[in-house]
Amino acid sequence: MSDDRIHPIVMPKWGLSMEEGKLSSWLADEGADIGPGDDIMEVETDKITNVVEATKTGVLRRRLGEEGVVYPVRALLGVLADRNVAEDEIDAFVGTYDVPQASGRGDAADAGPVYEFIETPSGRLRYAKRGESGAPVVLVHGFGGDLDNWLFNIDALAEVAKVCAFDLPGHGQSAKALPDGGLEGLARALGQFMDGVGFDAAHLVGHSMGGAVVANLALSAPERATSLTLIDSAGLGHAINGDYISGFVGAQSRRELKPVLKDLFADPKLVNRKLVDDLLRYKRLDGVTEALSDLAASLFAGGRQTTVLAGPLGRIECPRLVIWGGEDAVIPASDAYAVDGAVVEVVAGAGHMVQMEAAGKVNELIIRHMAGS
Amino acid sequence: MTRVISMKDAINEALDQEMSRDPTVIVMGEDIVGGAGAPGEDDAWGGVLGVTKGLYAKHGDRLMDTPLSESAYVGAAVGAATCGLRPVAELMFIDFMGVCFDEIFNQAAKFRYMFGGKAETPVTIRAMVGGGFRAAAQHSQMLTPVFTHIPGLKVVCPSNAYDAKGLLIQSIRDNDPVIFCEHKSLYADEVDVPEESYAIPFAEANIVREGGDATIVTYGLMVQRSMEAAENLAEDGIDCEVIDLRTLSPIDMDTVLESVENTGRLVCVDEANPRCSIAADIAAQVCQEAFAKLKAAPRMVNPPHTPVPFSPALEDLYLPSADAVASAVRKTIAS
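Quick mapping for you: the protein sequence lines, in order, are chains B and G. Residues in the first sequence are numbered from 0 upward in steps of one, following numbering that gives the first Met the number 0. Residues in the second sequence are numbered from 0 upward in steps of one, following numbering that gives the first Met the number 0.
These are calculated hints, taken from the structure and not from any lab test. We treat Cβ as the ideally placed atom computed from N, Cα and C, and that holds for glycine. Some hints here could point you the wrong way.
[Claimed, not checked] DSS-like cross-link-like pairs, simulated, lysine-lysine; straight-line CA separation at most 27 Å:
(1) B/268 / B/175
(2) B/282 / B/128
(3) B/261 / B/175
(4) B/273 / B/55
(5) G/57 / B/175
(6) G/292 / B/268
(7) G/109 / B/257
(8) B/21 / B/261
(9) B/55 / B/175
[As the list claims (entries may be wrong)] So the derived list for chain B, only partly shown, Cβ under 7 Å to chain G, looks like this:
(10) 82
(11) 172
(12) 251
(13) 283
Sequences are here, hints too, so could you generate the full structure?
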């Protein structure tokens, strides 16, 4: 019954803890021609609301899911198929569709631990590893972030690559003590992490402060970077939204943090209760406020970026891709053009967290960039 | 790293981590180590329900078994707090507080005020609260309003293991006397708790469920019952916001008022007896501050004004149920 002409559209699984999601709205009509990257539906979880994009080509033949209804992960919500597939074939596909067990914890047990820990000279680091074959890729999050900032990217990239995302020192569930040396210390930790997972070189992808981290490593140890992807990256100009940085570091309560987080997205609706709660849980851990204050003082003193690497980045041979959310309210999108010789893609309608807000587009750009490197 | 642990283990971990971090933290109470006459850690009780089990082996004489005299050892803890230690006194059941009210109400709560801000009393007094444990009238009370009433005391009552750990750490680090109320029916409940130390600030209520039709304000064991009611009501299209106060003094009225300004309807759920309760306090403050936003009279869900019954059938009827909460919400919606 399963063939290349019929593709199920299912409730996605975004992250370990997701067991169900609400189909908030359909974004394509029945009978519409769909191609990869086209918006199909909007799904809301307790963590985040996001758009599900098509990965295949076809006609949206069935919309089975009802708007406003909560479905388990992998439940069949629609069918994408060639125009020439007969109606009764589609009905048969739907009738025999076997919904995999929708328990998130069960899936995690089958697939082994989702998060792992590794001891490095920069302390214990948490990471996630996906993908069996292909070139190594390392994803590096930004200031105050963690590896879940790549929730919508890691699985898509793992289809063509061996992908690791990790929590920088001072972040997520990694050791909270920062290595010496500010940015250099974080770049050293990245190198040590790659040593630990056995990556001599990798496609390095960095978001925001993580962009400055991967750039720093690529400049100091060029042999370790197969390619560079800098997303809404720090280190390309002096300007930064200093109110965001000080607001994020200083916020102690949901009430203080929530308005600050709106600067991260073009669509402020994406800042939901769970996102704020998760960040507060992180910020409350002993040592986090000190780590963030120290980093902010070192990298963003006085509301300006202290390190600008755009000049040297323009003179290296490593292939460079710069992606930016056109509505970025933290680091100006004009910085996207600061690196000579880089391929630049500015994604309209997305903010600082462009890899979340326009995940399909960003994944496609990174995969194409790696293929050409 | 997070893992799933019980509220009892989360409290134990908070005490362990604070004792490791700060040598001035000491723990005292009845049977918290081995019980009277016991030879030592081998048969350590770790308290009446085992919350402090294992701590004596790690921290030795910084845990003290005390005589069966609450006024003596709570007084000692208050005195030690004024002299540079951070004692955590365990009182078993909050019902026994009556015998040491002078030490708590007249001494600990007053020092900062009476000495012109020059004295600090960083003492934490832990005690089990609440019903449902078949422990009868003298071991089941929810006396949170009694302590909330006294200026100079802070009052905390967590609803889950994550909050219990972070709030107990904050209580120990806090420079004022804190009454830390642990619901015994929640001890076995498990949630994700980080291994690392963390402190949850006081006066920050937790919105455990968002909704636009009615606001349910509660704390402690009643958070679960209110959530169950909210899920049942959602099936009928009634969307409740559920607020877990977490700390009763200081209290986060801003979060409550913001929510009521949005929903226009308030149900206060409190395991304490109704007169002068936390529910009554919230209802009164909302009426005073946001009367114009209310679409219906606030409702209170409390047990009746009686002692907690020993009969299991009666005790189950006594404690507010999810159905009682749902029924109160329906009444505010209908009116």
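Hints violated by the structure (numbers, ascending): 1, 4, 7, 9 and 10
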